[in-house]
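Peer 1: Each chain, written out:
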Amino acid sequence: MVRPLNPAARDAAAARVVKITTGVVAVGVAATLGLGAAIAYTAPAPKPGGGKSDYDDKSKKSKPAKKNAPSADDRPESSSGDEDTTSGGS
Amino acid sequence: MTGVRFPVFGTTAHLLVTEPGSLAAAERALRAFLSEVDLACSRFRPGSSLSIVNSAGAGEVDPILFAVIEVALRCAEATDGLVDPTLGSAMVAIGYDRTFADLAPTSAPVTAVPGGGWRGIETAPATRAIRLPHGVRLDLGATAKAWAADEAARRLAALTGGSVLVNLGGDLAIAGPKHAWKVRVADDHLATDGGQVVTVRSGGVATSSTTVRTWRRADQVLHHVLDPATGLPARRVWRSVSVAARTCVDANTAATAAIVLGTAAPDWLAAHDIPARLVGTDHRVTRVAGWPSELQEAA
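Chains S and Y supply the protein sequences, listed in that same order. Under the working numbering, the first residue of the first sequence is numbered 1, with each subsequent residue one higher. Under the working numbering, the first residue of the second sequence is numbered 1, with each subsequent residue one higher.
Bear in mind the hints are in silico, worked out from the structure with no lab data behind them. Every residue gets a Cβ at the ideal spot worked out from N, C-alpha and C, and that includes glycine. Treat each hint with caution, since some may be false.
Under the rule of at most 25 Å between Cα atoms (straight-line distance), these lysine to any residue pairs were calculated in the SDA-like manner [said to hold, decoys possible]:
no.: 1; chain 1: Y; residue 1: Lys178; chain 2: S; residue 2: Ala69
no.: 2; chain 1: Y; residue 1: Lys178; chain 2: S; residue 2: Ala72
no.: 3; chain 1: Y; residue 1: Lys178; chain 2: Y; residue 2: Leu23
no.: 4; chain 1: Y; residue 1: Lys178; chain 2: S; residue 2: Ser79
no.: 5; chain 1: Y; residue 1: Lys182; chain 2: S; residue 2: Ser71
no.: 6; chain 1: Y; residue 1: Lys178; chain 2: S; residue 2: Thr85
no.: 7; chain 1: Y; residue 1: Lys182; chain 2: S; residue 2: Ser80
no.: 8; chain 1: Y; residue 1: Lys182; chain 2: Y; residue 2: Thr199
no.: 9; chain 1: Y; residue 1: Lys182; chain 2: Y; residue 2: Asp38
no.: 10; chain 1: Y; residue 1: Lys178; chain 2: S; residue 2: Gly81
no.: 11; chain 1: Y; residue 1: Lys182; chain 2: Y; residue 2: Val4
no.: 12; chain 1: Y; residue 1: Lys182; chain 2: S; residue 2: Ala69
no.: 13; chain 1: Y; residue 1: Lys182; chain 2: Y; residue 2: Leu159
no.: 14; chain 1: Y; residue 1: Lys178; chain 2: Y; residue 2: Gly161
no.: 15; chain 1: Y; residue 1: Lys178; chain 2: Y; residue 2: Thr2
no.: 16; chain 1: Y; residue 1: Lys182; chain 2: S; residue 2: Glu77
no.: 17; chain 1: Y; residue 1: Lys178; chain 2: S; residue 2: Ser80
no.: 18; chain 1: Y; residue 1: Lys182; chain 2: Y; residue 2: Arg201
no.: 19; chain 1: Y; residue 1: Lys182; chain 2: Y; residue 2: Arg284
no.: 20; chain 1: Y; residue 1: Lys178; chain 2: S; residue 2: Ser71
no.: 21; chain 1: Y; residue 1: Lys182; chain 2: Y; residue 2: Ser55
no.: 22; chain 1: Y; residue 1: Lys178; chain 2: S; residue 2: Asp73
no.: 23; chain 1: Y; residue 1: Lys178; chain 2: S; residue 2: Asp82
no.: 24; chain 1: Y; residue 1: Lys182; chain 2: S; residue 2: Ala72
no.: 25; chain 1: Y; residue 1: Lys178; chain 2: S; residue 2: Ser78
Taking CB as the label site, the calculated pair distances span [as the list claims (entries may be wrong)]:
no.: 26; chain 1: S; residue 1: Gly81; chain 2: Y; residue 2: Asp219; range: 39 to 49 Å
no.: 27; chain 1: Y; residue 1: Thr111; chain 2: S; residue 2: Ser80; range: 39 to 49 Å
no.: 28; chain 1: S; residue 1: Glu77; chain 2: Y; residue 2: Phe100; range: 25 to 35 Å
no.: 29; chain 1: Y; residue 1: Thr211; chain 2: S; residue 2: Ala72; range: 28 to 38 Å
no.: 30; chain 1: Y; residue 1: Asp219; chain 2: S; residue 2: Glu77; range: 26 to 36 Å
Here chain S stands alone, though its shape is the one from the complex (with noise of 0.2 Å):
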């Protein structure tokens, strides 16, 4: 048969139990924190020439956005004959 607990013995047990689990997710969220900015410290800067992964991380920080994009008349066209001038390295 079960005993009731009194109300003393019972309000002593749900404050542990509260305790208890304010620490596990303060401890939880510490270690997240600490893990993000362990990871965040460690990682190595991108390394131009890196592939792909390293393209993606450029790509949301660099700023020469879309708004600078050239516009229609700035686009080259296919052409054929001789050139007027040449754009190469010099």
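Dock chain Y against chain S, hints included.
Peer 2: Showing chain Y alone in chain S's frame:
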């Protein structure tokens, strides 16, 4: 349409105008302007405004130099430092310490001086004062040339009333009334065949290449497009990258950034909607963001 070529900045200037009667006046104006740019921005002239501020580390500078420095800092900011104006010491360290025509093979070892110093440059527009971080030296070569092309095209279009194309060593700008200019894009600005011919009506086109302006030092073949992260020539993934943009500065900035990015360049260019033609070291061509196919391929 008529034009004239003449040597400048260790390369070739090519001026084209649609009003034949204005060519002589346009050429005079262009020569005078480029002379001013050279006196302000040349790394190889001891008395240039750039050499003076590089030596002193601070000072009030020529208006042209100040304008180019501000443009170069915007390019660095826009590319998160992929295009870096503070590689002057790195250029000297890898042996590019005199005009390219005077470079000779040497056994001296290659040393690396990474960039990044641009973040610490202080500018004061009211007085045109510049302060460089300790040990930082500017190299504005590519940006100065592209800026000069943009500025010259704009001025000459106003002077002539016609359409003008100013090509400085392969970096070209178009200004004035719309005109369909045929531009060959190739690894070398002196090429008269190969590559691809496209039509451009405004804005700018620039090509960065790892196959020209190369030299030998301590058994290594070096080129002049440096990776700011290392201070050494960027890894050769592309022979050349040609870009079309709203201005020659924008095109030059994107082309240089693409050489530095290497394999990541096509995605980066596509994400920014910058039309480009990239030629790999295996000669395979990659086109992005609407760069047209060659006519025979499209037919």
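Peer 1: Take the hints in turn and mark each one as holding or not.
Peer 2: Here's how the hints hold up against the structure:
1. Y:Lys178 - S:Ala69: Holds, at about 19 Å.
2. Y:Lys178 - S:Ala72: 12 Å, holds
3. Y:Lys178 - Y:Leu23: Holds - the C-alpha atoms of Leu23 of chain Y and Lys178 of chain Y are around 18 Å apart, at most 25 Å.
4. Y:Lys178 - S:Ser79: Distance ~16 Å between Lys178 of chain Y and Ser79 of chain S Cα, so the pair holds.
5. Y:Lys182 - S:Ser71: 18 Å, holds
6. Y:Lys178 - S:Thr85: 17 Å, holds
7. Y:Lys182 - S:Ser80: 8 Å, holds
8. Y:Lys182 - Y:Thr199: 5 Å, holds
9. Y:Lys182 - Y:Asp38: 28 Å, violated
10. Y:Lys178 - S:Gly81: 20 Å, holds
11. Y:Lys182 - Y:Val4: 16 Å, holds
12. Y:Lys182 - S:Ala69: It holds: about 21 Å lies between the C-alpha atoms, which stays within 25 Å.
13. Y:Lys182 - Y:Leu159: Distance ~22 Å between Lys182 of chain Y and Leu159 of chain Y Cα, so the pair holds.
14. Y:Lys178 - Y:Gly161: The hint holds at about 12 Å.
15. Y:Lys178 - Y:Thr2: Distance of about 16 Å is within 25 Å: holds.
16. Y:Lys182 - S:Glu77: 9 Å, holds
17. Y:Lys178 - S:Ser80: 19 Å, holds
18. Y:Lys182 - Y:Arg201: Status holds; Cα separation ~9 Å.
19. Y:Lys182 - Y:Arg284: 23 Å, holds
20. Y:Lys178 - S:Ser71: Given pair Lys178 of chain Y, Ser71 of chain S holds - Cα atoms ~13 Å apart, limit 25 Å.
21. Y:Lys182 - Y:Ser55: 43 Å, violated
22. Y:Lys178 - S:Asp73: 8 Å, holds
23. Y:Lys178 - S:Asp82: Cα-Cα ~19 Å, so holds.
24. Y:Lys182 - S:Ala72: The given pair, whose Cα atoms are some 16 Å apart, holds under the 25 Å limit.
25. Y:Lys178 - S:Ser78: Status holds; Cα separation ~17 Å.
26. S:Gly81 - Y:Asp219: 39 to 49 Å: 44 Å, holds
27. Y:Thr111 - S:Ser80: 39 to 49 Å: Because 47 Å falls inside the window, the suggested range holds.
28. S:Glu77 - Y:Phe100: 25 to 35 Å: Given about 34 Å between the Cβ atoms, the range holds.
29. Y:Thr211 - S:Ala72: 28 to 38 Å: Given range 28 to 38 Å: holds, Cβ gap about 31 Å.
30. Y:Asp219 - S:Glu77: 26 to 36 Å: At roughly 44 Å between Cβ atoms, Glu77 of chain S and Asp219 of chain Y fall outside 26 to 36 Å, so the hint is violated.
The earlier numbered hints that this structure contradicts are 9, 21, 30.
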